[in-house]
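**Q** This is what each chain is made of:
2 protein chains.
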Amino acid sequence: MNEVLELTRVKECSGEYVLAIHDTMNVINGKWKLPIMGSLLYGKKRFKELEREIPGITPRMLSKQLKDLELNSIVKRTVYNTTPVTVEYELTPSGKEFRSVLDVMVEWGMQHRKRVLKKIR
Amino acid sequence: MNEVLELTRVKECSGEYVLAIHDTMNVINGKWKLPIMGSLLYGKKRFKELEREIPGITPRMLSKQLKDLELNSIVKRTVYNTTPVTVEYELTPSGKEFRSVLDVMVEWGMQHRKRVLKKIR
Chain L
1 MNEVLELTRV KECSGEYVLA IHDTMNVING KWKLPIMGSL LYGKKRFKEL
51 EREIPGITPR MLSKQLKDLE LNSIVKRTVY NTTPVTVEYE LTPSGKEFRS
101 VLDVMVEWGM QHRKRVLKKI R
Chain F
1 MNEVLELTRV KECSGEYVLA IHDTMNVING KWKLPIMGSL LYGKKRFKEL
51 EREIPGITPR MLSKQLKDLE LNSIVKRTVY NTTPVTVEYE LTPSGKEFRS
101 VLDVMVEWGM QHRKRVLKKI R
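Listed in order, the protein sequences are those of chains L and F.
When we follow my numbering, the leftmost residue of the first sequence carries the number 1, and every step to the right adds one.
When we follow my numbering, the leftmost residue of the second sequence carries the number 1, and every step to the right adds one.
There's no promise every hint is true.
For chains that are exact copies, the list does not tell them apart, and a pair is met inside one copy or across any two.
Cross-link-like lysine-lysine pairs, in silico, DSBU-like; alpha carbons within 35 Å at most [to be verified]:
(1) 45 <-> 76
(2) 118 <-> 31
(3) 44 <-> 76
(4) 76 <-> 33
Hints are computed from structural coordinates only; laboratory data are not their basis.
Model the full structure from these sequences, guided by the hints.
**A** What follows is the structure, given as structure tokens:
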């Protein structure tokens, strides 16, 4: 294959572009992060509320995933000085804007499903 | 396992929205599918070309991933009756349209990175 073309492709495919996709994949990879973010799109939640809304998640896994999301600046954790202490989780601005990624994923997923089903019938 | 069957099974237990995200995640999950699709966005490729363009992938893994993508109607495999036989891989219309998902992922990833770096400095 043409060496120059090869170089161009690699150039276009690397650096910022790959990095950005990598960052995004980091957020959505795995089984739990998307459901958690999906649940928080509807507003602030306490730990117990999240646990109830995400079927099958264990408290330990939920705690781990929330910590990951907090470290990644996707989720903000706020502790209120009540008795007993109240802890709330909410999406950061980055987390809220992730909605745009989800929307395109939904759109593509639906189109793709239609195409696949048309082929099978 | 048959990926199409997998699609049907999920349909029974969730709404269209979750389903569509699930379908999309199915395509991008894992280490190799995005690099393969990224490479095919630049045009048809033979097996050996793909192998060269995706650093670190083994022939066995590439073959498995291409079969998955073919089953999912993301990649089309064409055999030409030459001597020796030529096999080419290209994106289907669904595969090409996946570009829109990638673009939003890149956009979000870049914005997110900027925000995180601003916070750290």
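**Q** Evaluate residue 76 and residue 33 at a C-alpha cut-off of 35 Å and name the case that applies: within, between, both or neither.
**A** Answer is both; intra-copy 14 Å and inter-copy 31 Å each pass.
**Q** With 35 Å as the alpha-carbon cut-off, assign the pair residue 44 and residue 76 to within, between, both or neither.
**A** within (10 Å within a copy, 44 Å between copies)
**Q** Using 35 Å as the alpha-carbon threshold, which applies to residue 118 and residue 31: within, between, both, or neither?
**A** both (29 Å within a copy, 29 Å between copies)
**Q** Are the CA atoms of residue 45 and residue 76 at most 35 Å apart within a copy, between copies, both, or neither?
**A** This pair counts as within: shortest intra-copy Cα distance 11 Å, inter-copy 44 Å.
Checked against the numbered hints given earlier, the structure satisfies every one of them.
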